[in-house]
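Going down the list, the protein sequences come from chains Y and Z.
The first sequence begins at 1 in the working numbering and counts up by one.
The second sequence begins at 1 in the working numbering and counts up by one.
Derived by calculation from the structure, the hints in this document are not laboratory data.
Check before you lean on any hint, since a few could be wrong.
Where chains are identical, the list cannot tell them apart; a pair therefore holds if satisfied intra-copy or between any two copies.
Said to hold, decoys possible - The list that follows gives simulated cross-link-like pairs (lysine-lysine, DSSO-like), each with its CA atoms no further than 30 Å apart:
| hint | residue 1 | residue 2 |
| --- | --- | --- |
| 1 | K382 | K60 |
| 2 | K209 | K120 |
| 3 | K284 | K158 |
| 4 | K163 | K229 |
For reference, the chains in residue letters:
There are 2 protein chains.
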Amino acid sequence: MADRPLIDHDYKTPLEYANTPNMDRLAKGGLVGLMDPIGPGIRPGSDVANLALLGYDPAKYYTGRGALEALGAGLKLSPTDVAFRCNFATVNDDFRVEDRRAGRIRKGASKLAKAVDEIKVESTPGVKTTFKSTVEHRAVLVLRGEKLSRNVSDVDPKEDGMKIRIARASDGSEEGKRTAAAVNEFVKRSHEVLREHPLNQERAKDGEKVANIVLPRGAGTVPTLPSFKSMFDLQGSCISGTALIKGIATAAGLEVIDVRGATGGLKTDYEAKAKAVIEGAKDKNFVFLHVKAPDIAGHDGDFKAKVRTIEEVDSLVGMVIDEVDIGLNYVALASDHATPVGYGTHTGDPVPVVIGGPDVPASRLLKLSEATASRGNLGRIKGTDLMPIITDFVGRSRLYGS
Amino acid sequence: MADRPLIDHDYKTPLEYANTPNMDRLAKGGLVGLMDPIGPGIRPGSDVANLALLGYDPAKYYTGRGALEALGAGLKLSPTDVAFRCNFATVNDDFRVEDRRAGRIRKGASKLAKAVDEIKVESTPGVKTTFKSTVEHRAVLVLRGEKLSRNVSDVDPKEDGMKIRIARASDGSEEGKRTAAAVNEFVKRSHEVLREHPLNQERAKDGEKVANIVLPRGAGTVPTLPSFKSMFDLQGSCISGTALIKGIATAAGLEVIDVRGATGGLKTDYEAKAKAVIEGAKDKNFVFLHVKAPDIAGHDGDFKAKVRTIEEVDSLVGMVIDEVDIGLNYVALASDHATPVGYGTHTGDPVPVVIGGPDVPASRLLKLSEATASRGNLGRIKGTDLMPIITDFVGRSRLYGS
Chain Y
1 MADRPLIDHD YKTPLEYANT PNMDRLAKGG LVGLMDPIGP GIRPGSDVAN
51 LALLGYDPAK YYTGRGALEA LGAGLKLSPT DVAFRCNFAT VNDDFRVEDR
101 RAGRIRKGAS KLAKAVDEIK VESTPGVKTT FKSTVEHRAV LVLRGEKLSR
151 NVSDVDPKED GMKIRIARAS DGSEEGKRTA AAVNEFVKRS HEVLREHPLN
201 QERAKDGEKV ANIVLPRGAG TVPTLPSFKS MFDLQGSCIS GTALIKGIAT
251 AAGLEVIDVR GATGGLKTDY EAKAKAVIEG AKDKNFVFLH VKAPDIAGHD
301 GDFKAKVRTI EEVDSLVGMV IDEVDIGLNY VALASDHATP VGYGTHTGDP
351 VPVVIGGPDV PASRLLKLSE ATASRGNLGR IKGTDLMPII TDFVGRSRLY
401 GS
Chain Z
1 MADRPLIDHD YKTPLEYANT PNMDRLAKGG LVGLMDPIGP GIRPGSDVAN
51 LALLGYDPAK YYTGRGALEA LGAGLKLSPT DVAFRCNFAT VNDDFRVEDR
101 RAGRIRKGAS KLAKAVDEIK VESTPGVKTT FKSTVEHRAV LVLRGEKLSR
151 NVSDVDPKED GMKIRIARAS DGSEEGKRTA AAVNEFVKRS HEVLREHPLN
201 QERAKDGEKV ANIVLPRGAG TVPTLPSFKS MFDLQGSCIS GTALIKGIAT
251 AAGLEVIDVR GATGGLKTDY EAKAKAVIEG AKDKNFVFLH VKAPDIAGHD
301 GDFKAKVRTI EEVDSLVGMV IDEVDIGLNY VALASDHATP VGYGTHTGDP
351 VPVVIGGPDV PASRLLKLSE ATASRGNLGR IKGTDLMPII TDFVGRSRLY
401 GS
């Protein structure tokens with residue numbers, strides 16, 4: 001949601017431009033401030049930002065994104081498994097990337113994944129691979145076996161027109177080299193399997209981009225997180241359409257609630273999500289709701305879409321605070337990071353944060369925005385501060401000292 | 001002093017409700033902000049909060065409360081001693097606590113303490129005990145001997161109606177077990193000694209609660225603090241009515257000034273304290289003054305008493321800033337933590353902080369409160385930040401780097 005003022009929109013941010021009566025209502029009666037997801041100027045990935053929001057210091061707990069994605073995709077991981085985020089992509093005969101999302105392939109991805117899942121890597125005895133497609137062109141790869149390491153570089157060059165990279169041991173270790181060898185063989189084999197696949201021959205015939213290779217990135221192992229319950233004395237659940245957030249929630253021991261229509265995309269069912277929050281609040285005392293849409297609009301550089309998604313999130317906030325009595329319960333609202341439409345990528349800006357509920361000092365602000373939040377009554381906090389503050393308001397904080 | 005807005009007092013806090021012309025004067029011309037004693041949302045005990053205020057990071061220096069209390073009670077401790085805070089309490093034959101303050105016993109506590117001090121524990125050879133009463137039902141116990149540990153749990157259940165607890169080694173160590181055994185025997189022996197004591201027989205006859213047991217809690221060893229002088233280049237003294245604060249000051253190498261009438265209670269002699277500050281400022285360049293009263297009113301949940309004690313503190317502030325020329329000297333004012341009357345316990349809220357003196361930017365606020373402080377010119381700092389800021393203003397900070 002957070003953004004920067006735009007010269008071609010009267011120096012307003014999308015949040016300032018949007019009509020957000022419900023967020024404004026929450027902000028007026030609550031604590032409002034700025035929050036650095038990690039620290040001032042630190043540009044966070046969604047993984048570390050959401051770990052921090054849930055109270056887990058990434059400096060202590062972050063072990064790579066891949067395993068969080070794999071957990072979120074419903075795979076079971078052992079502590080020694082190394083997992084990767086993957087894209088189905090289109091490469092030419094020179095292994096130059098024509099489209100790192102293979103035309104955002106939708107149909108047939110799971111069939112292609114089945115073929116890829118049958119690959120057996122031979123260069124590294126004892127290593128087994130599991131491959132599963134998730135949303136559109138996205139998938140996860142898990143390497144299982146002895147002496148593997150998450151210290152391997154990405155195969156995905158993360159830019160169209162570049163050649164794919166050879167995975168390497170980023171720490172020079174034997175385990176890293178062994179893992180890199182397995183990944184490189186897997187990528188080569190994925191090309192062999194996919195380019196012959198009938199589904200791709202059909203796509204080619206229809207003038208569609210072929211999904212003729214798998215590009216892994218973001219090697220990771222499962223983080224050892226103390227349970228959310230043990231940290232904050234709260235029984236929690238998580239509602240999200242994205243595998244990463246589900247994976248973080250799973251690693252933290254939150255119950256992942258699957259909501260039909262929660263897509264993790266631009267179009268998601270806000271009403272279904274709001275209902276799930278209200279329903280979840282009945283048998284849990286903490287519900288973590290994540291909406292991906294404004295981030296996508298930011299990545300797309302689409303001001304209008306960002307304003308629209310913010311207004312849709314506002315309607316969701318309205319549904320929640322109308323049903324959840326904030327004279328008795330607490331509702332906190334924050335971006336996990338800024339994705340300014342003028343940049344199309346995450347930036348290190350602080351984000352607005354609001355905490356509403358009983359006995360919370362009222363900011364008396366009339367409108368929630370990046371600018372008003374910078375003058376709010378909460379001051380400037382860090383992502384990892386949010387859960388301790390909430391825990392203290394709900395009366396479940398432990399005394400430090402005596 | 002710090003609190004939360006109260007619904008039955010026009011959403012005002014006691015500080016907002018109180019008439020505080022002197023604090024307001026200090027605030028208007030000084031730096032004003034919010035201070036997290038430890039960190040946002042962290043609920044501090046008085047021990048860690050005051051260590052932090054004096055510039056000692058509790059994460060680095062805190063070794064339990066008991067030894068600080070014992071130091072404050074005037075006992076000399078060696079680094080291997082383990083000390084406990086204790087209450088005289090009333091238990092029934094089942095060791096269920098009827099009153100963990102033995103009717104807030106005043107008279108005769110030192111006589112009872114003398115009898116308890118003569119106890120010799122036999123289960124743990126080589127361990128000697130020292131016992132001393134302090135204020136009302138409060139006392140300290142010191143175990144001296146080899147192979148003792150502060151990792152032992154509390155005997156005091158901290159709630160009336162509960163059975164007393166058996167002390168245990170919280171880390172499972174041999175030293176912990178040995179210490180726990182000594183504590184448990186001491187508690188048992190204290191019951192034997194006290195229930196037969198003539199003073200208790202008198203109390204029973206008079207219908208008063210008998211002080212028939214001693215309940216230790218908060219095991220601690222003396223922290224190894226670098227001297228306050230070495231940290232901030234300031235020669236300091238401390239004025240306080242409470243053993244804990246005196247103990248922290250002693251451990252930091254501050255001179256403890258005993259002020260007749262400084263009780264550490266709701267009624268304390270504010271004028272005597274103010275005079276001691278002014279007197280102390282003559283041959284020292286730092287005076288730490290602690291007032292306990294607003295905290296007690298907060299624990300009692302007594303809004304009126306809290307407003308009154310804040311107004312009394314305000315008059316003290318007036319006496320100090322009228323005498324200490326703040327065109328030449330610095331006066332800082334802060335709560336060590338919040339004790340909201342609606343909660344009756346410490347919370348993790350940030351507290352208002354003010355720094356007045358030469359060349360300090362003026363906040364121009366008209367009234368000191370939690371809300372105005374949240375928009376003050378100091379921003380949001382941590383407890384351990386206060387001494388470095390003061391040290392820098394007085395021109396005694398060391399250059400970092402070169």
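Verification of the hints:
{"no.": "1", "hint": "K382 with K60", "in the structure": "both (15 Å within a copy, 22 Å between copies)"}
{"no.": "2", "hint": "K209 with K120", "in the structure": "within (26 Å within a copy, 79 Å between copies)"}
{"no.": "3", "hint": "K284 with K158", "in the structure": "between (40 Å within a copy, 29 Å between copies)"}
{"no.": "4", "hint": "K163 with K229", "in the structure": "between (45 Å within a copy, 27 Å between copies)"}
When the structure is compared with the earlier hints, no violation turns up for any of them.
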